[in-house]
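K.L.:
Protein sequence lines correspond, in order, to chains A and X. When we follow this note's numbering, the leftmost residue of the first sequence carries the number 1, and every step to the right adds one. When we follow this note's numbering, the leftmost residue of the second sequence carries the number 1, and every step to the right adds one.
I should point out that these hints are in silico values taken from the structure, not numbers from a laboratory. All C-beta atoms in this analysis are idealised placements derived from N, C-alpha and C, irrespective of residue type, glycine included. Warning: the hint list may mix true and false statements.
To be verified - Each pair of labels, with its calculated beta carbon distance range:
1) A:V99 x X:L351: 50 to 58 Å
2) X:R58 x A:R111: 32 to 40 Å
3) A:P337 x X:G373: 28 to 36 Å
4) A:L148 x X:D361: 39 to 47 Å
5) X:S220 x A:R58: 27 to 35 Å
Protein chains: 2
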Amino acid sequence: MAKALPVSPLAPARFPELPVIDGVRFATVEAGVRYAGRTDVMLAHLAPGSTVAGVFTRSSTRSAPVLDCQAKIGQHDDAGAAILVNSGNANAFTGKRGVEAVTAVTTEVARVLGLPESRVFTSSTGVIGEVLPHDRITAKIGELSQKLDAGGIEAAARAIMTTDTFPKGAQTEVEIDGKTVRIAGIAKGSGMIAPDMATMLVYIFTDAAADREVLQSMVSALNDQTFNCITVDSDTSTSDSLLMAATGTSGVRIDETSVGFMEALRRVMLDLAHQVVRDGEGATKFVEIAVTGASSDADARTHAMAIANSPLVKTAIAGEDANWGRIVMAVGKSGAPADRDTLSIWFGDILVANKGWVNPDYREEDAAAYMKGQELCIAVDLGLGGGKAHVWTCDLTHGYIDINADYRS
Amino acid sequence: MAKALPVSPLAPARFPELPVIDGVRFATVEAGVRYAGRTDVMLAHLAPGSTVAGVFTRSSTRSAPVLDCQAKIGQHDDAGAAILVNSGNANAFTGKRGVEAVTAVTTEVARVLGLPESRVFTSSTGVIGEVLPHDRITAKIGELSQKLDAGGIEAAARAIMTTDTFPKGAQTEVEIDGKTVRIAGIAKGSGMIAPDMATMLVYIFTDAAADREVLQSMVSALNDQTFNCITVDSDTSTSDSLLMAATGTSGVRIDETSVGFMEALRRVMLDLAHQVVRDGEGATKFVEIAVTGASSDADARTHAMAIANSPLVKTAIAGEDANWGRIVMAVGKSGAPADRDTLSIWFGDILVANKGWVNPDYREEDAAAYMKGQELCIAVDLGLGGGKAHVWTCDLTHGYIDINADYRS
Numbered sequence: 001m002a003k004a005l006p007v008s009p010l011a012p013a014r015f016p017e018l019p020v021i022d023g024v025r026f027a028t029v030e031a032g033v034r035y036a037g038r039t040d041v042m043l044a045h046l047a048p049g050s051t052v053a054g055v056f057t058r059s060s061t062r063s064a065p066v067l068d069c070q071a072k073i074g075q076h077d078d079a080g081a082a083i084l085v086n087s088g089n090a091n092a093f094t095g096k097r098g099v100e101a102v103t104a105v106t107t108e109v110a111r112v113l114g115l116p117e118s119r120v121f122t123s124s125t126g127v128i129g130e131v132l133p134h135d136r137i138t139a140k141i142g143e144l145s146q147k148l149d150a151g152g153i154e155a156a157a158r159a160i161m162t163t164d165t166f167p168k169g170a171q172t173e174v175e176i177d178g179k180t181v182r183i184a185g186i187a188k189g190s191g192m193i194a195p196d197m198a199t200m201l202v203y204i205f206t207d208a209a210a211d212r213e214v215l216q217s218m219v220s221a222l223n224d225q226t227f228n229c230i231t232v233d234s235d236t237s238t239s240d241s242l243l244m245a246a247t248g249t250s251g252v253r254i255d256e257t258s259v260g261f262m263e264a265l266r267r268v269m270l271d272l273a274h275q276v277v278r279d280g281e282g283a284t285k286f287v288e289i290a291v292t293g294a295s296s297d298a299d300a301r302t303h304a305m306a307i308a309n310s311p312l313v314k315t316a317i318a319g320e321d322a323n324w325g326r327i328v329m330a331v332g333k334s335g336a337p338a339d340r341d342t343l344s345i346w347f348g349d350i351l352v353a354n355k356g357w358v359n360p361d362y363r364e365e366d367a368a369a370y371m372k373g374q375e376l377c378i379a380v381d382l383g384l385g386g387g388k389a390h391v392w393t394c395d396l397t398h399g400y401i402d403i404n405a406d407y408r409s
Numbered sequence: 001m002a003k004a005l006p007v008s009p010l011a012p013a014r015f016p017e018l019p020v021i022d023g024v025r026f027a028t029v030e031a032g033v034r035y036a037g038r039t040d041v042m043l044a045h046l047a048p049g050s051t052v053a054g055v056f057t058r059s060s061t062r063s064a065p066v067l068d069c070q071a072k073i074g075q076h077d078d079a080g081a082a083i084l085v086n087s088g089n090a091n092a093f094t095g096k097r098g099v100e101a102v103t104a105v106t107t108e109v110a111r112v113l114g115l116p117e118s119r120v121f122t123s124s125t126g127v128i129g130e131v132l133p134h135d136r137i138t139a140k141i142g143e144l145s146q147k148l149d150a151g152g153i154e155a156a157a158r159a160i161m162t163t164d165t166f167p168k169g170a171q172t173e174v175e176i177d178g179k180t181v182r183i184a185g186i187a188k189g190s191g192m193i194a195p196d197m198a199t200m201l202v203y204i205f206t207d208a209a210a211d212r213e214v215l216q217s218m219v220s221a222l223n224d225q226t227f228n229c230i231t232v233d234s235d236t237s238t239s240d241s242l243l244m245a246a247t248g249t250s251g252v253r254i255d256e257t258s259v260g261f262m263e264a265l266r267r268v269m270l271d272l273a274h275q276v277v278r279d280g281e282g283a284t285k286f287v288e289i290a291v292t293g294a295s296s297d298a299d300a301r302t303h304a305m306a307i308a309n310s311p312l313v314k315t316a317i318a319g320e321d322a323n324w325g326r327i328v329m330a331v332g333k334s335g336a337p338a339d340r341d342t343l344s345i346w347f348g349d350i351l352v353a354n355k356g357w358v359n360p361d362y363r364e365e366d367a368a369a370y371m372k373g374q375e376l377c378i379a380v381d382l383g384l385g386g387g388k389a390h391v392w393t394c395d396l397t398h399g400y401i402d403i404n405a406d407y408r409s
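Work out the full structure, taking the sequences as your base and the hints as a guide.
P.N.:
Below, the structure is given as structure tokens:
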């Protein structure tokens, strides 16, 4: 399980320089939850006055930490807050003892940092069905509290990795009322999820000031355009969590009308979402699926996800095969309305199929050359209406089988 | 494309002895539609008085032959009927020229056999988006009509193969009113479908006499318990077709109350459905997913299909990994109601998880030993109600990637 995987060929060249977000400090530690010789717990402390919003997996078998976060996320308190994340054990499907472990950790963090327990959020990622050895974590809270550092975000990104082959970070700045507002985020995830080894966790911080309700509505709306538009293998974690905190230290207050901030946040979330796809298990191609001309945006998304999740489409991409017949198949099976005779398909700029039949000018060698690229776009126009959607995915390769058919150990 | 694949390790030892069904005759020929050196067209002639029923893919991008069959299937005529199937070209996504090809073939079959065109059904399976070279087929109809033979069903099963690694046949007999009624069927299919190379086609024949409506209602009902309960890769063909013909030559008339006949037909259909899974692309394990205790049968089926289609579950099975966490994940993501704390999971007879937590008596080495078998059953009880479902699938292996990531050529 701790076997080092080669870094994804789609990884960014380096971890980005992330700005300090005043009011957030990070610490990491080697707690030995499961892994040896690496950090596996990260603590983020949020200054008094910070607001916190979140979105979580809709799985009906959600983990104990997710249920605890969901119970707390709608509350507010000016006392500050903390986020504690461990890798190596997901604390999922652990019954009553899962709840006990969450309580033990949040109680100790609250005690050491002088916070109400309702302001301590946790995530766990790693093997499922095993009781979280929470003593190993609580024993380190004092040490973590001593090490809190405003510059520790990259180390935090590394401590939350499981089968990720690179740490994931993104940032941006936006000018509002003549002042600079900063946003920085980290994420982990490599299968859309392999519940014994992976999951998608995202933590985003800004020095803007925002009411909890404003922050929540922005994050929920943008999540539907970013993290809910990626798929590696169609599987969904029991632990997926996104937490966003606004410390207010920039002195700039945002509200529902702050379109500049919202666009900046969207860029950060999309960047992190794309990085999760780029670290998709076994991925060798980063693929955008763009669907237009559907009867509605929802129908467009249904078609786009049917294409992105089709094993036959994903293996064709792995084989650099411009197999547009499989696109036709995926559209046909999606369940959303489609008309064979108004359907057009492009690989990049190459029009392959035009209104229900192969484009007479289409030359297979052109598409074959295009498919050798590492960044691909497959576009489909349904010819029915104005509905559109974008989703992002990767190919399905021998690497995916290697990673996921290996025995847990 | 014509590259020989090794025979599936899950294949039956041999093609079964299929009985002659009086009133049905078969012929096959090498027409060179796409493949060289093998038969690729089969013709079945049905005696006057035969009734025909059918079920077809629900894909919204259905092929021209499917649309033609659907238009004809509700009619009846005592003149007899014919089924003509070619492999090598699916005649799908071929626009108006697809319709012209179907018309050319059905017109010629009708002329040579002296049938109304409305009684000639066709299926095509193979590459999509290429115009069917129908002249190569129509040139052979005369020869086919000369070769019609009551004993030709096994040759017919071979002529319709594409990426199948073995021909598929099943049969049974049932005593009704002191007389023997025979049922024999053939099928092809190996991916749930790869539209450029595969698809699922099924042809079943009986010497019972049956009104068209009776036959149709039986086939539709049993299809939901058999062919609609298998999945190789969640992908759905543009061409899937099942045709059933009753010649009436046994002199035994069946109706809605003929439970013995219906059970016999169910066995034949399930046998053929299982053979399609056993020839699943790259399959090394045959897996039954049994879900009980769901809120309804429909919910049970949703859970069972979520498990059967999960790439993470399928790769774990390929790796002989009793990874029950992935079963929890698949149930959680299915969208049907589930309660983590009433969920139990078995691998074979081994109780792995009991009401939301790992069974304290569970020993991983027992499950690991079980997973080495070639025929597996994964059972899930939701603990919510009386809903239940069975589906059948196979594992996801390097072989699937090999077959489907290869370039079409």
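K.L.:
Next step is simple, just say for each hint if it's right about the structure.
P.N.:
Structure-based check of each hint:
no.: 1; hint: A:V99 x X:L351: 50 to 58 Å; in the structure: violated (23 Å)
no.: 2; hint: X:R58 x A:R111: 32 to 40 Å; in the structure: violated (59 Å)
no.: 3; hint: A:P337 x X:G373: 28 to 36 Å; in the structure: violated (43 Å)
no.: 4; hint: A:L148 x X:D361: 39 to 47 Å; in the structure: holds (44 Å)
no.: 5; hint: X:S220 x A:R58: 27 to 35 Å; in the structure: holds (34 Å)
The structure fails hints 1, 2 and 3 (numbered hints given earlier, in ascending order).
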